[in-house]
Amino acid sequence: MARNIHLKDPHREARVYSARTVVAVVVVLALLGVILVRYHSLQITEYEIYRTQSERNRVQLQPLPPKRGLIFDRNGVLLADNRPSYMLSIIREQVPDLDATLQHLQQLLPISDSDIANFRKKLQRRRPYEAVPLRFRLTEAEQARLAVNRFRLPGVVVDAQLLRYYPHGELFSHALGYVGRINEREVLELDESDYRGTFHVGKVGVEKYYEDILHGEVGYQNVETNAHGRVLRVLERHDPVPGANLVLNLDIRIQRAAAEALGDRRGAVVAIDPRTGGVLALVSTPGFDTNLFVNGISSKDYSALRDSLDVPLFNRAIQGVYPPGSTIKPFMGMAGLESGLITPEYTVPDPGWYSLPGDSHKYRDWILRIRGTGHAPRVNLHMAIAESCDTYFYDLARRLTIDRMYDYLRPFGFGERTGVDTTNERRGVLPSTRWKREAMAQPWYPGETISAGIGQGYMLTSPMQLAVATSVMASKGQRRTPRLVHSINGEPVVAPTEEPIVAPEEYWRAVYDGMLEVVHGKRGTAKALAKDIQYQMAGKTGTAQVIGIAQGSVYREEDVAERHRHHGLFIAFAPAEAPTIAVAIIVENGGGSSAASPIARKVIDTWLLGETADG
Amino acid sequence: MGDYVRQMPDQGSADLARRPSLASRLHIDVPLLLLLMVLTVFGLIVLYSGSDSDMGAVIRQARFFALAYAGMFLIAQVSLQRIMRWAPWLYLVGVILLVAVMFAGVGAKGAQRWLEVGGFRFQPSEILKLVLPLTLAWYLADRTLPPRLFHILVCLGILGIPAVLILKQPDLGTALLIAASGLFVLFMAGMGWRYILGAVVLAVASAWPMWMFVLKDYQKQRILTMLDPESDKLGAGWNIIQSKTAIGSGGWEGKGWMQGTQSHLDFLPESHTDFIIAVLSEEFGLRGVLLLMGIYLLILLRGFWIGVRASTSFGRMVAGSVTLTFFVYIFVNMGMVAGLLPVVGVPLPLVSAGGTSVVTLMAGFGILMAVSTQQPLVPR
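Protein chains in written order, with our numbering: chain P, 1 to 615; chain D, 616 to 995.
The shape of chain P in the complex, shown without the other chains:
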């Protein structure tokens, strides 16, 4: 165009400028339009989204965790308390540099690597602006150090919370269970909103079984906060509902008596009030300090507990299953009477051994080793129970057959869970031909019936089952589901009842007489207990083999390693005329029932004659 004209042309320059101005104005308008469209879309189209986001920024819903219900024994002694404790948490959104903050915190107070690992795991699952706990149980010195450095640690908060404390941790370890920090699996199972602000949950035992009741209902408050998380004011508050308090049937006196009587031996004691089904004592030794678990047990403590040969974490009272040994005999007696195969007067010849027709195998009576002969030429039920005659019950078992044994023993609660209100109960085994076919894919052999008659072989019962069966015996057939909890917030808990065993009074009498003779008779297997006794106690001794004894050889206690000794068992109820307590005791590798029976005396003495509990 004007390529070669180098003269200035003001008209043309003004014209060009005006044209350019038009272009500029158009561009400016267009770009302002773009901006306007953007603001319009933010402020009008997406208004709701941003308004909500701004509200969420401003208003924080803070959970108010409920106070966990307290647990008392039947005397009102506090067994599970809540104690205030300070914890350190971090609100991730308000921390400019998490790693630096963690490092800084580690300089201020001890924070273990596992604390940090736990914290980081939880961090993944938090909600925005949720405080994630990093350390629990801050000491006063640690709190002070944090307070001084607070201005340098945005997003770091120290909160008070109530923490479970078990004043009698070890004594009630297996009866109560414990709470612990909510783990990853539990996070998925628990109701997310119910457990906002709650960091602990019942892990085992009563604490777990009654979790819903103990936990309470979460409350919340709407608070206005600034970007630094500082609460400016509370807009709305909805108080939490504290968890219900539990009063247990457990009696700390009996619990203590049982634990002291067991001493450092491994074993279990379960005591039940046959009138109510209330569990008066549930002891499994060794126990452990449940307080260790409340805030995450250190791996050192845990491996010590886990690797101990005495398996302290194992609740022998409900998880341990043992052959009942001779303690099955009174129940077998009832089975014989009910089936009509025996009467109280019926007798069996007792040479000290028993063999099946056409079989040379000798089923020995325990008395053979001691006397070289049987209990008496002929033995009746009374003597068979009192002296724990094996031959009598070998014979009864053979005639009853295993499946009818099953039918008569089942109503006592053998072979099924008692339904006690705690966790991890095992069902044990009440053998039958069907059971063996299903469990082992094998036929039942007649010889197995013989040893089943004296509680050996496949049969396995937990101390809890044995206590329930004893309680059924004591109440003449009334069977109640055992209950650890007596009342919830003052409302009594009624133990559910099961189908009772209906049998004539004289049958019960006949078995009772035998069991009374065990303790009070001259030749009773637990006659040592009768010394200075102030009430009538019905009992039955038992011994459970830990290792098989070869035919013809003799079991000698001193020859066997401690852990291969027989388990000692004992069941009892008292007072015989109107029983208020039924107990089952096992002492692992106790050598024999004499290890178990004195414990029963101490437990029952405490219950019937004991002073009131002082805590």
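Misleading hints may appear alongside valid ones.
[Said to hold, decoys possible] Each computed SDA-like pair below joins lysine to any residue, with the alpha-carbon atoms no more than 20 Å apart:
1. P:K476 x P:Y507
2. P:K8 x D:R763
3. P:K208 x P:P167
4. P:K8 x D:V645
5. P:K203 x P:S298
6. P:K8 x D:R924
7. P:K8 x D:F765
8. P:K527 x P:D407
9. P:K8 x D:H766
10. P:K436 x P:G419
11. P:K8 x D:G805
12. P:K436 x P:D407
13. P:K8 x D:I767
14. P:K8 x D:V769
15. P:K8 x D:G970
[To be verified] Rough simulated footprint, nothing fancy, chain P against chain D, three-plus residues with beta-carbon under 8 Å:
16. 636–643
17. 684–697
18. 908–920
By construction, these hints were calculated from the structure, which means they are not laboratory data. Predicted, not measured: the structure shown is a model, and the values here were computed from it. Here a beta-carbon is modelled for each residue, glycine too, at the ideal position from N, C-alpha and C.
Could you slot chain D onto chain P? The hints should help.
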């Protein structure tokens, strides 16, 4: 060499017959002044809220404005010829100062932008924001327009030296702003479309080497964050998410003055400086944004009008550049706060707290007023 051909504007002859008004004798463009004053008042109202009812901040800003208005009036009195004569010398001083910054500058956060003389701190780059377009206009005023390629290249040289120096500080935002103000001069001078097109192609083509070799990590981060603020919610994305939330939650009506929760509860960063538009949007809603934009648009249109009516190409080019630069501030700031553009340190003109930009901008308007009121250039 001065303008050797001068022509009186057609309509100007009628004006000449009349006695010049007081405003024109004082070299005041009344519509522009009124608009600026409305904007100033509006800005101070928003600032009071944005600074969390800190009256001190408002008073401090008002003082800057007083200084800036005084500067504007003073500059408006200077004749355009004198401004034109001074321009290259000021440019030289500016470049020397920029070099001085490189060696003796002070700064913060890894950037060296300030020069301290006798306890007084200032940014030499601010001087160039004004002086660069003046210098280019001075250079081009003597050439035939539209500029030929050679002149364009000379202009790019004049423009490039300070731009690179500022880029080195590093201050990408200012460098781009200064480069833009220079390019606007060329554009308004009528630089051929093919050059413009070529420049655009070149700019696009240089994007990759720019990204690879020129941009610092934090600058790349800003761009990435702008593209996807959610990627770094708690870090660099926080500002954008919070400012978008502030803007969006304002809706049409806004939450009301002093009622913005985002800014008053500290969620919004820089609520009284670069992000003040978010406060305005949150508290006054889209209505407030439209009002502000309306004021800005009128100022821009007035600026363009002054340019069109200017009698010299120097005046025209300067007026066009000042106006367009003012627009760039508006566009970049409003765009970045709303998440359209990367976050660069560009204030919302005449609203954001801060003295430097107010003084520089008002000085620009002083030149505009000079252009506007010094129409009758033919000696009477």
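Hint by hint, which ones does the structure fall short of? 4, 8, 10, 15, 16 and 17
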